[in-house]
Structure formats: structure tokens, C-alpha cells
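Start from chain A and add chain B according to the hints.
There are 2 protein chains.
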Amino acid sequence: MTPNNNNSSSSSRGIEERRKERGPGAMRIIVPLQGVVQGRGGLVLGSVIPCALFYFLQLYLRKNRSPPPTAAPPESQSQSQSSHSLTPRRSMRSPTRPPFVSSRANHATDREVSLHYLGLKACKENPFDAHSNPSGIIQMGLADNQAMAGLMGDVLKAAFNPSQIVLTAGASAALEILGFCLAEPGNAFLVPSPYYPGFDRDFNLRTGVELVPVPCRSTDNFDATINALERAFNQTKKRGVAVRALLISNPSNPVGKTLDSEMLTMLLEFAREKNIHLICDEIYAGSVYDSPEFISIAKFLESGEFDKRRVHIIYGTSKDLGLAGFRVGALYSYNDTVVNAAQKFARFCSVSSHTQCLLISILSDSQFIKKYLRENQRRLRERSAAFSEGLTKAGIRCFKSNGGLYLWVEMADLMPSFNQKGEHALWERLLSEAKINITPGSACHCIQPGWFRVCFATLSDHDASVALQRIQEFSKRCKT
Amino acid sequence: MTPNNNNSSSSSRGIEERRKERGPGAMRIIVPLQGVVQGRGGLVLGSVIPCALFYFLQLYLRKNRSPPPTAAPPESQSQSQSSHSLTPRRSMRSPTRPPFVSSRANHATDREVSLHYLGLKACKENPFDAHSNPSGIIQMGLADNQAMAGLMGDVLKAAFNPSQIVLTAGASAALEILGFCLAEPGNAFLVPSPYYPGFDRDFNLRTGVELVPVPCRSTDNFDATINALERAFNQTKKRGVAVRALLISNPSNPVGKTLDSEMLTMLLEFAREKNIHLICDEIYAGSVYDSPEFISIAKFLESGEFDKRRVHIIYGTSKDLGLAGFRVGALYSYNDTVVNAAQKFARFCSVSSHTQCLLISILSDSQFIKKYLRENQRRLRERSAAFSEGLTKAGIRCFKSNGGLYLWVEMADLMPSFNQKGEHALWERLLSEAKINITPGSACHCIQPGWFRVCFATLSDHDASVALQRIQEFSKRCKT
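Sequence lines, in order, name chains A and B. Just so it is clear: in the first sequence, position 176 is 176 by our numbering, and no numbers are missing. Just so it is clear: in the second sequence, position 86 is 86 by our numbering, and no numbers are missing.
Hints listed in this document are in silico derivations from the structure and should not be mistaken for laboratory results.
List time: in silico DSSO-like cross-link candidates among lysine-lysine, alpha-carbon distance up to 27 Å:
#, chain 1, residue 1, chain 2, residue 2
1, A, K421, B, K121
2, B, K371, B, K400
3, A, K393, A, K476
4, A, K124, B, K421
5, A, K371, A, K299
6, A, K476, A, K400
7, B, K421, A, K121
8, B, K344, A, K344
9, A, K421, B, K124
10, A, K421, A, K393
11, A, K421, A, K479
12, B, K476, B, K393
13, A, K237, A, K308
14, B, K400, B, K299
15, B, K237, B, K308
Derived, one-sided and incomplete: chain B residues facing chain A with beta-carbon distance under 10 Å:
#, residue
16, S172
17, R201
18, A324
19, F348
Glycine residues also receive a C-beta, built at the ideal position from the N, C-alpha and C atoms.
Isolated chain A (complex conformation):
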């Protein structure tokens, strides 16, 4: 109550006290240093003090520098070494180093020491009930009557442990949470490109994670190659940016192609060698309408050969069940720290209990779900074939996709010039003349100009034929 009773901030008081303890000697150093920073010190002092500090820093660094070839390196150093070393990849397999988890995730799991949360926990463990538990604890610490719901179930078609699922308001929120958990701001994720344009928004807006495209080419069937991965990894490290994860979509978006066993093994081995995470966005898994069959990354982990703690799967109901408006996404992680932190972060993106109830009743009818997915895949297959045929007739090459709600097509012939500018010009003409909006490959960070993503699933049969007609007429006009 007195003016000296400055309780508002204990940490500031701590600094004051420590400053007093140091005595006047410390002040003699601090004052000229302040002068240096503010440009108010003398010219001599302002130059000599930093000079002396740098001299001692150099001495210190010389003494403490560990000889690179022999000493056991800390995590970050070992990463940069492995990327430059010529030792065979297999030698990196054992022992397994724990994958990095961000300070934000560790902070989130460290919290909850407040009595407020301890009380809530005690109530949950021994809740009062007038009949069944009359000596239980009465909850008078929670201001709302919310049933903190956790829809844990079999949304994904695989054997998943419900306690490792974190529900979120849409898959974007689940992806963003991984950004918060697996990286510090300024860290990077590698992403084979072309990739889904929304990834940029999901990671760049708030998490501060940089996405580094790993260019894939038509000559490789738009598959990621180990060379491209290594190059992107090394170049990013060279810039002083730590790579924390490899982000893939399976089936891939925008290419619409499932990843085979060989590719999944290669990606898992790369993640292990670089000691980074592997994020698999499998949101179109139920929309694979043609062979080869979809294989979830979860399948590979059953062998026990790979360290599960670095693998995280994204799923949601928006694509396969056509329930985008429901905003139901799921993060499945094998890493307990990530699950724990994600559950706390999910406070900011929780799913309405009203929607959860409806979803549970939809999903519990597994006969219906199976029938729905089968019928959906049949229609996707039909529509994809119709579009593929129609576009081919117009002289437009379609990539052989087997999943997703889109085709990946090449229109380089129609561009005024074979570069990104030409692609942009074609996209603008399609929009203004043909009145068709498709996604240009450059928006997906595609390295080769001339590729476009054509989404065909939302149109009615009538509108689909109008769209095809417009594209065909436009193509004809362009070529004549």
C-alpha cells in the first residue's frame, strides 16, 4: 500500500536487488556500456571496451573450441557434421538421438502448477455425485458447465491409440500446432514441392516456421529425390537456419499421387539421419480412387525399425467425408511431449461439442462410412477420368493421379513464354477470358512452369461439362 511496496512485478524487483548487491564497482562498467549502446559514451571508451570484450571472447572461444574430428558433438553440431560427412547413411542408425521439441512445447508441458489447475485435476479424479460418490469433491472452481469433450476414435482407417489423438478445429489448426511444437521461430521445415498452397499460411502466419521447398520434377514423376532433400537440407543449414522437420502430403497435393513403400522408407531414413521430424498430411487418404493402394506411414512404424517419436500424422473429415464446414481435424503423434503440449494448445482450436456429438453418431455407423467412402471414390474415379479425357482432347497433358479431388495438368503449350511470367499470364487469361479459376503451379512452389492444379470434385455434372467446354474452346483459341 505504501509507494515502496512494488509487488506488481517480482522479477523486476529481483533485478533491482541483484544490481544493489553488485555494488558501485559493477556500475562503473554498466554506465560506459550504456553509453556505447546509446552512442553517448566517449569515443575512446566506446571503442576500447568492445575491443577488449571481443579480445576476451576470442580467447574464450579458442580455449573452448572442441576438436571436431574426435569429441562427441552436441545435437546441433552433429547435424551439420552428418550433412557434410561422407560416412554411409546406415552408420547413423544407432544410437537414436531424441528429436528436437520446441521451447514452446516444453513450456506448455511444464506449466499447470497453478492451484487453479491442481484443483480441477483433483475434482476430475474424485468427483462428487449425490448418489454414487457422496464423499467426492464438489467442483466450485470451474466457471462454466462445459463438458471438455474428447472425441477419440476411429476417424482414421488404421489401428490408432485414442490417447495419442488431439482433436482440433480443422487440419490447418493441427498443422499449426505442430509448427509451435516442433520448431522455434526462425527454424525451417523441408517440403517437397509442388505443395499445397495453404501450408505457407498454416506455418508462416503465427508459428514463425520457414517452409523450404524441395523441388521435384516431372522427369522424376514429381517424386522427391534424396539428392534434392540433401541439397535443400545443406543449403538451409548453411544459411544458419535449423531444419526441424520434413513435411509431406500422402496422397500428395497437388499432384494427387500416393507414396509407395520405397518412398516412405527413404523419407523415414532421411528424417532419422538428419534427426528431424516427419509430418505426414494424410487428409486425402480416403479419397484414393485408383491403384496403387494408399499406405499410411503408420503401417511402416509397426515394424519397429523406425523411431516413432519423430513421426506425426495429420487427418481430418473435410476431404474424405466432405465435412469441411465441421472444422474437425486431428493430430496423431507418437511423441508424448508433443501430444501433451498439443492438448494444451488445442484449447484455442477446440471442436464444438455439438458437432462432436453429431460426428460420433455418423462415425459409429461404420457400414455407412464404408459405403460412403466407396461411393465417393467411385464418383471421383469417374469424374477424374472424364476430366482427364476432356483435357487430353484439348491437347492438355494430365499427370496420372490416383487420389485427391484434383488433377495436375500441364499447359505450357498455351503460355506466351516458358517461365513463371508466362504461367501467370496464362492463369490470368483463363480467369478473365475462359472464366475458369485453377491453381497455378507457382502458387504451389512448383519449380517447372506450366503446371496447374484443376479441382474437379465440387462441381455438379452440368457445371463440370461447362468447365470442360470452356477450357477446350480456350485451348483451341490459343493454338490458332
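Then chain B, alone, in the frame of chain A:
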């Protein structure tokens, strides 16, 4: 495709190119500098180069330093001056400086240059329809059939502009978004304490905003005083931490008291003088069950005396409508940059369209809503009075609350010692012996030990009487 074709990161390539343009002269400086940073350069060069750089820095700073007493100070300097100056507050009124908006918010509003988003925008402006707009643009760039819903309406009982409302999955998400928009990580918000324990989680988990309690005391009826605000502001600035906002709840949580016109004016003037934002959490506004009446901050802004751009209101359906499970919160801001960025951030916390539909149909029956709120207030008043009476009988002092779902009570008499340790011990005994969970004041950052928040609204009449009986018996046992 060739090893030299390092297209994976355009930014790194840009740096490479710029480095080449600089030529060998630049490299002669860069190489020893790298040595300095890595501790691998010579002792002499490693000390002389920084010394020389600091010398020129000092020279530069000397030349470019503006004389403080006359020149117009930049924003941050003027803030520290006003906090120390003795000029009357009224002189600060005009001209109005624009309130700070974070780089994250500016970055979010700057984005959307991707053709992907430009295409979506063009489709929205001229959408194809087989009948009404057959020459419109066909949407084949959006992979889902989501109706990107925007429930804009009259959830709040005031004249609000729908275009300034951003819907979020719960009020926590709306608060967190303000943390992202109004502050850089490491910045601070002032919060009169005791305050809602959830604020710590909402701002500390991911936004990196530090909450600085502004202690309020029973002798001031737990009102914030201008002295306490000034002290907290100055102490925070002294630590080198920028204060960006003042965060209040009205009616206050945990005290359960509405803020009067005088208090609101004082807070608005303080925010103006310090050029900081004012965040008003009005989530219990409809749960004010006794006089004096609730006054929204929006009311004050109608006079036009204050700069609206620094005011942001939080609302939600969880408390007043008992719909916590719906996860429907709202951020109302008068600041266009904040609204724009928040709309983008809300991608990660959007409300299920299924829940939005139900909510619209509930809210459109305004007769029902009025009746519901009136009945809810009547029951809150009754329950509050019953608890107040019962606790007073047990010798426990209750603060005169007029809103919220809780009472703010003093139990210092029952504590083994008059400090936070004693408060903790009493809370533990209440939990283990009386089997009652209430929120200790320390969890709300209350400066005075012995105060507790007792939530009374979630209990049935029977359970409420059991709870009261337990507290009364416990109090009797403690005193004998």
C-alpha cells in the same frame, strides 16, 4: 537438375547472388568477420575489426543523435518521457498517436499475394451460376466444398458493426488472437489483479506476451487505481519491456463486480496517455444480476471523445447462454488492421458451420433470448444470495458482487498463517477434508492472501446445499 541448379530456396540464392555482385573486396571483410563470430580468426584481427566498427558506430551515433529536449521523439521514447513527466495528463490528449500493431498482424494483412488467393477472391466477386450468372468464374481452385461461414450478428446486446466481428472457437482463442495482433513476443499487457486464472494460459502459451498484474486491494474495493497502473507501467518499462495493452474484465472475474463510468473513463484515458490498447473482456455481461447496471465500453466510444482504434471487446456464448461446449467466441475490434489480421488468424480457430447454424436459429428468437437471460439472472441472484447468506453464517465475509457465476470471499480467519503459504494450506484442507474445490486468490494473482473465488452456478439445488453445509462444518471445526 544439375548440381549447381540450387533452386530449393530463392532467398538463399538471392544472398549468393548479392554476395557475388559485391566482388572480392567485400569478401576480404566478410571472411575475417566470420572468423570473429566462430572464434577462428586471428587474435589481432578478431579484436581490431570490431574495435574499428564500434569506433565508426560511435561517430555515426554522435552525428545522428537528435537533441532530446526539442526534437519530436519517436513513439517508444515519448512513452518513457510521458511516464516520467510532471505535465498534466490532459495535455497528452491531442494529437492522437496511432496505437501499436504487431509485426505478426501487419505480416498477416500484407500476405495473400499468392495467385491461389487472388483466384479465390476473383471467384468470390464473380461466381459462376448456371442460371443467374452463366458467364461467371468457375471455381476449380478450391479443394473443399466448405461454405466459409461468417456468423455476423447480434450476439452482443449493443449496436455493433457485423464487419468488425471475428468469430473464434471460444473466447480464449479470441484473446489469444489479440495477443498475436497487439504485441511482439516479450511485450507486456497490464492486468488489474486479482484476474481470471485462464488469462495466463491464453497469453503465455503461444503468443509470448507477459501479463503484468496491477495489484488491487480490498480497501479500494478491488478497483484498479491510477497510481497502481502508473507504477506497473513504469516498472515494466524500466525493465526494458514494452507495454502494449491494458486487459480488463467487466464484470470483473473473480470479483464479480461491474465497472462504473468513472472507472471506464479512467482506463480509457490511461490507455490514451500511454498509447496502449484497451482489451475489455465482457463475457459475463449478460450475467449481471443486480444493480448497478452493466455498461459496455462500446457505450463510451459512442461519444467520439476517445480513439476507438485502441479498443477491443471479447464476448462469447459460453457464460451468458451456458453454451461453453459450443466453443463460440467473438472478437470485436474498432481497428481495421486488427480485424483484418484476426480474420486470417481465425482460420485456425473457426467455428463449425453446423454449430453456427444452430446458434443462428437460437439467436434469431430474440424473445427467447431475452426471457432466457432474465430467468438466468433471477436464478443467479437467488443462488448468490443463498450462498452469501450461508457463508456469512459460517463467519466468512463475501464481497458485494453483482455479476458473474461466482462469489469472492475472504477466509483469512481460517488460515494457519496470514500469507500465501497459509492460503495454500487452507485450500488443501478444503480440498482434502471438506471435499470442496474453490479457486485460491493466489491463482488469480491477488496481492492479499485469504481471498477465494467460489463458483456457485453449476451445482444443482441439492448439491449447493451439501456444499454450503460442508463449508459451514469445516469453518466451525477450524475455529474450535
